[in-house]
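There are 2 protein chains.
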Amino acid sequence: MKKWEENVRRVIPYTPGEQPDFADMIKLNTNENPYPPAPGVQAKIKELCAEELRLYPAPAADALVEGLAACYGLAKEQVFVGVGSDDVLAMAFLTFFNSKKPVLFPDITYSFYDVWAGLFHIPYECQPLNDRFEIVKEDYYKENGGVVFPNPNAPTGVELPLADIEDILQHNEDVVVIVDEAYIDFGAKSALELIEKYDNLLVVQTFSKARSLAGLRIGYAFGSPALIKYLNDAKYSFNSYTMNRPSLALGAEVLKDDAYFRETTAKIIATRERTKKELAALGFQFGDSKANFLFVTHPDYPAKALFEALREKHIFVRYFAKPRIDNYLRITIGTDEQMDALITFLRAYMK
Amino acid sequence: MKKWEENVRRVIPYTPGEQPDFADMIKLNTNENPYPPAPGVQAKIKELCAEELRLYPAPAADALVEGLAACYGLAKEQVFVGVGSDDVLAMAFLTFFNSKKPVLFPDITYSFYDVWAGLFHIPYECQPLNDRFEIVKEDYYKENGGVVFPNPNAPTGVELPLADIEDILQHNEDVVVIVDEAYIDFGAKSALELIEKYDNLLVVQTFSKARSLAGLRIGYAFGSPALIKYLNDAKYSFNSYTMNRPSLALGAEVLKDDAYFRETTAKIIATRERTKKELAALGFQFGDSKANFLFVTHPDYPAKALFEALREKHIFVRYFAKPRIDNYLRITIGTDEQMDALITFLRAYMK
Chain A
1 MKKWEENVRR VIPYTPGEQP DFADMIKLNT NENPYPPAPG VQAKIKELCA
51 EELRLYPAPA ADALVEGLAA CYGLAKEQVF VGVGSDDVLA MAFLTFFNSK
101 KPVLFPDITY SFYDVWAGLF HIPYECQPLN DRFEIVKEDY YKENGGVVFP
151 NPNAPTGVEL PLADIEDILQ HNEDVVVIVD EAYIDFGAKS ALELIEKYDN
201 LLVVQTFSKA RSLAGLRIGY AFGSPALIKY LNDAKYSFNS YTMNRPSLAL
251 GAEVLKDDAY FRETTAKIIA TRERTKKELA ALGFQFGDSK ANFLFVTHPD
301 YPAKALFEAL REKHIFVRYF AKPRIDNYLR ITIGTDEQMD ALITFLRAYM
351 K
Chain B
1 MKKWEENVRR VIPYTPGEQP DFADMIKLNT NENPYPPAPG VQAKIKELCA
51 EELRLYPAPA ADALVEGLAA CYGLAKEQVF VGVGSDDVLA MAFLTFFNSK
101 KPVLFPDITY SFYDVWAGLF HIPYECQPLN DRFEIVKEDY YKENGGVVFP
151 NPNAPTGVEL PLADIEDILQ HNEDVVVIVD EAYIDFGAKS ALELIEKYDN
201 LLVVQTFSKA RSLAGLRIGY AFGSPALIKY LNDAKYSFNS YTMNRPSLAL
251 GAEVLKDDAY FRETTAKIIA TRERTKKELA ALGFQFGDSK ANFLFVTHPD
301 YPAKALFEAL REKHIFVRYF AKPRIDNYLR ITIGTDEQMD ALITFLRAYM
351 K
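Going line by line, the protein sequences match chains A and B.
Following UniProt numbering, the numbering of the first sequence begins with 1 at its first residue and continues without gaps.
Following UniProt numbering, the numbering of the second sequence begins with 1 at its first residue and continues without gaps.
Which copy? The list can't say, so a pair holds if one copy fits it or any two copies do.
Subject to a maximum C-alpha distance of 30 Å in a straight line, what follows is the list of computed DSSO-like cross-link-like pairs (lysine-lysine): (1) K197 / K142; (2) K137 / K189; (3) K3 / K197; (4) K3 / K229; (5) K197 / K2; (6) K189 / K256; (7) K142 / K2; (8) K322 / K229; (9) K101 / K2; (10) K44 / K267.
In case anyone wonders, no lab produced these hints; they're calculated from the structure.
Produce the entire structure from the sequences given, and follow the hints as far as they go.
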């Protein structure tokens, strides 16, 4: 090792889900939406002007921030935007988790939390989910430097009732509490209504799932003006222009079509509920997912072997070789046709 | 102050140059390119497909990384990309400047360096430029935790000769040295050729200036595979998909038109040289800028008053109320017509 390498910040890099690219593939591994974004997005693409790209974008991302504020009935001082919810969450970790006390999050959860804690040298302590993969609210009563959890949780899909979230907030008025709602639009109850009551609550959402815009990288957060101001100060100090012009224009556009959003979201929920029945009939076990994925295990068929068999047929699902969940598969809800192909394969495989 | 605010990371936020928006304005305040990006970019916009936006972008940004490697004759392991050079530089500060010893950079320089140092709790020590606004290479011989400077320097436009850069590298083999080349395409000599010889050298560039794509937010860095790997590990840990699909597609496209790049860059250089003569004739003083801006002062007319008078006529330039440079204006090189309008105004103002 060279001497200059001694000062390098070393991290165990996060491994994103593979992005296979086969014409015939059924891609159920990264929780993308099977439906295209609202039709207005394609129309707006045609209006994008190369000439304008020579100019910096608006640093405060006004079009998008104002669109979100209008859409969710908030003031723009309550809205923060970033390059995907990962950017929003990383910035929130950097900004809010500066205590010497450990930040608390579940043991089975979004796999980026411990990576950010490592990157920013933030102490943390994982709180085990119970046997039904539920967050135990009492685990978050102890002294800590902050709290973060997804709702519904990832990769389990299990919802934490809003009353439990409020209970956690009541026990944590002295730290920032982040509720990561990447999957909230598929049926769970958002904590958004609590931001007026708790000025230390940050609610994070994304356009990558229910809005079908994973390829644009847009995440956002709602919170008290004080919380959002701190976050913006840190963001402007990191990079003053994070959201590019296509993101701002297309992101603002997608918010305008509420009917399409409701329709595609309802379709995914219906497909999910039907898929639950089919998988249960095949002997799979799973929690009651409120997300656009199911997290399933089978008493007779090891998850890893299933994962590989599916992969061979170009059906891609997600497998995590991690303690407690290494016999589970996370299956994104695709179209009805895609889920039929999956079920057909599984039925044949298990015969 | 509430108790939860005690753990908040506080920063003095960077103030980006204002982004005025008047139909008749002459915008010479943020060093944007007056010419549109290569014509292929508009053609490529028309090919963008909304349907594909539902999918995550390629996490390794392959199209762009491979395009840059091919364009600059490098291996893709020597190329890193980010959301503008600010993202690349912030990530490099986070990754490489982890020493307790101070990082060294000039006192008059890109105003983000001390902001990032503050954000990441990195100790630093500014080295004063000499009276001709030149970097004094001997100032960088002392023990330090890393070195960073722009070349040409910002906001002075003054170039540091490549021999001096190599001299600084020879005196700093034990730390990472970052040369921030945002303005390199307008006539200064790049340190790129030195990356094969010094595995601790990171050369950072951008599409925001000479490539006319400030609105897309694309920056990049060249360095040894070891350096780039460390940077990618940190980046993937922060946010695994930072470059959105439009950025990847349009960024790869702009690299294909070398003739257009040379032509527009040559035009800006010619306009700059002509503007130098006109401003000198009016009594302005300035260093020999190799960037797409001039950093000027006048013995008889205070910069601040000039700035305000120009502003009233919707001619926007940049004024920094900072020690040593508070009697200077930074004027971006626009089209010939824009510079004529500026000169005409100044001539009348000074009569």
